[in-house]
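Line by line, the protein sequences are chains A and B.
Under the UniProt record's numbering, think of the first position of the first sequence as 1, with each following residue one higher.
Under the UniProt record's numbering, think of the first position of the second sequence as 1, with each following residue one higher.
The reader is advised that the hints may include incorrect statements.
Identical chains blur together in the list; that is why a pair holds if it fits in one copy or across any two.
[Claimed, not checked] Pairs of lysine to any residue residues, derived as SDA-like cross-links and limited to a Cα-Cα distance of at most 25 Å, are as follows: (1) K84 with L374; (2) K319 with R116; (3) K83 with R315; (4) K83 with D309; (5) K313 with L374; (6) K83 with K376; (7) K241 with R208; (8) K241 with L374; (9) K219 with F47; (10) K282 with R301; (11) K87 with E305; (12) K207 with G377.
Quick caveat, the hints were computed from the structure, so don't treat them as lab data.
Quick caveat: nothing in here was measured; it's all calculated off a predicted structure.
Number of protein chains: 2
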Amino acid sequence: MKFVAQALGLSEPAARKLEDRNILREAVIKHPFFADIIEAYNLEKKFGAYEEGTLIAKTNNSLEVIRGYPKIRRALVLYPTLKKHFKGEVAIEEKMNGYNVRIVKMGSNLYAVTRRGFICPYTTEKARLVFEMDFFRDNPHLMLCCEAVGDESPFVPKDIYGSGVHFYVFDIRVKKTNEPLGVREKEKVAEEYGFRLAPILEFADVKRAHEAVIEAVEKLGRQGREGVVIKDVSMKRPPVKYTTSQSNCSDLSYAFRYFNEYARDFMISRIVREAFQSFEFKESEEEFRQRCLRLGESILRPMVESIRDVKEKGRVAEKSKLRFYNLEVFELFKEHLRRMGVDARFSEPAEDNGSYIVFMERYMMSTTDKISNLLKGGFW
Amino acid sequence: MKFVAQALGLSEPAARKLEDRNILREAVIKHPFFADIIEAYNLEKKFGAYEEGTLIAKTNNSLEVIRGYPKIRRALVLYPTLKKHFKGEVAIEEKMNGYNVRIVKMGSNLYAVTRRGFICPYTTEKARLVFEMDFFRDNPHLMLCCEAVGDESPFVPKDIYGSGVHFYVFDIRVKKTNEPLGVREKEKVAEEYGFRLAPILEFADVKRAHEAVIEAVEKLGRQGREGVVIKDVSMKRPPVKYTTSQSNCSDLSYAFRYFNEYARDFMISRIVREAFQSFEFKESEEEFRQRCLRLGESILRPMVESIRDVKEKGRVAEKSKLRFYNLEVFELFKEHLRRMGVDARFSEPAEDNGSYIVFMERYMMSTTDKISNLLKGGFW
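Input sequences plus hints: build the corresponding full structure.
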């Protein structure tokens, strides 16, 4: 705890108090797989300049501060929001639909840190297979901010990005300060070290960026992709995100399938996005009706499916397929989920080409109980 | 305050404490129109056996306790809910879509008490024109629980019930105890005194009530009506309500038009109803798509309309047409709305056949501000 106090510029008792207030949490499981880390804590909430999800770790020979990935603000109308927020040239990048991880070197190994500031064993195992050490040896002070995507994602499984887990780098930042490289510099580094980048779709003058984004978003939407992040090329101003209607609806499907697990605000905010997009995209009546149907279906189909699941199978669960290269990582991952408060069941690992496939069922207790009670004749 | 303490069985200091905790509120404006009432308070929250909206009033010669109208629980699936809750014969009554008022005699006049326990000047004026005194002279201990509907409703204006304001009696209860008459007794009384009753659609054995309700609700839905209330004929068990898809969607339209004024739960609960109805009504794929489109449109159309209103007219407002027979009542009603925290503007009264027509615009400040900020380029 002393090292945390030192990192945050606090006295040790003040740091202890943060732990009592649940602002500081233990962030790593002690295990040979995480051998470099002696102790680690993360921030559950923003604290001063330090973002939520900041990880503070003590290794054999260093004190690491891995800043949390900053929240990206969302435009509900592109015009005038982009024009007001940016100046000069912006980059329009594809926003991949997976989960955000920061890849860092600590001690002599790589680690994948989740948005909330935990070291995820599953993602760390995959990151160590994908990323070489050369970049980190040359730049020990940097972290790769990536979207982890694919059909073997334990958190956001999607088929559209192909099989397995892939890492798309979208920012390169200084671990300790969160200072980002400019977009062109990031491109150069990615080329040099062979990283996959979240596609940079276009560079545009901010004056016409809203038009370029509308075009890009309509195209991405037809491909079932999530949306874009608009960035100041120099990264001096914070990025802004904007999503496709298909992605808003897909979020809604997810949220309404498990409607009692999710906050009401999650749903309403996505519905509001659709209204503003419809307003700004100047749709025909037929396009508007298509949007209404898409919205209505994305809400009702998953709910009816969940009601049927409870009626027929007694419960609602989210299924995903995982792959482990080392069964110890499987054990570690189970412990990781327990700590996150996730109630999941797993199939026996099945060998597949030197690795192991495991099917995970995450039990959605709150939605199951609510539906079950209503089906038995309970009142709302 | 002493009379309130007496009515609730409290000491006077205890009653004062309830006022300090905002459980007891002053409930009437002093005015010759309300001449019979010396003082009145209502309950903002349930207190012991006394329902939220209970009115306690002191008149020249009596102490009145007008019990709040009890909340009616809602079935999300008709089977097995009805079968579980009722026994023997039930009445299926139409649920009218207006606002709930209790008509009572206090002193020598009639008063219309709103759901929250206030005496509404607008509704009182109309009630005095509609109801004769004979029923109340014969039954001073009873109150008429009515739905006030019509296109001149200040709260829920609807064209489907014709022009003006109409009162449909759905329960007759003992003011002081909330004990209801049985359904057949209510029918007899209504016939004797010439009240309009909320239509009793059918008497059914509870074993097949769910089928009868599905049939009734599909028919009412096609007519744009709200739904049904299912009642134990003896009224020994509390009633249960169930609404049409059209009414759920119409509520959603209203809520999403003024999306920042309304609680998130209001919206989600209505969406959940649609899912359970779709599940229970065993729809064809085409009927299901129709429901999805109806749901999607009921959400998006009003929101886009509100965004346009802010863009073009600077604000979102709800318009309604009111009629006053006495301009003093207009002044009283304005004061009533101010006390309710409603921000409304009014046109000059225009004479119409011995009465006055006034157009009311209720300004939706929260939704207006939110949309306005987003249209100017603010972030969500």
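Hint by hint, here is what the structure shows:
no. : hint           : in the structure
1   : K84 with L374  : between (49 Å within a copy, 12 Å between copies)
2   : K319 with R116 : within (22 Å within a copy, 47 Å between copies)
3   : K83 with R315  : between (48 Å within a copy, 24 Å between copies)
4   : K83 with D309  : between (47 Å within a copy, 23 Å between copies)
5   : K313 with L374 : within (15 Å within a copy, 44 Å between copies)
6   : K83 with K376  : between (54 Å within a copy, 11 Å between copies)
7   : K241 with R208 : within (16 Å within a copy, 54 Å between copies)
8   : K241 with L374 : between (39 Å within a copy, 14 Å between copies)
9   : K219 with F47  : neither (39 Å within a copy, 58 Å between copies)
10  : K282 with R301 : between (27 Å within a copy, 13 Å between copies)
11  : K87 with E305  : neither (47 Å within a copy, 32 Å between copies)
12  : K207 with G377 : between (58 Å within a copy, 14 Å between copies)
In summary, the numbered hints that this structure violates are 9 and 11.
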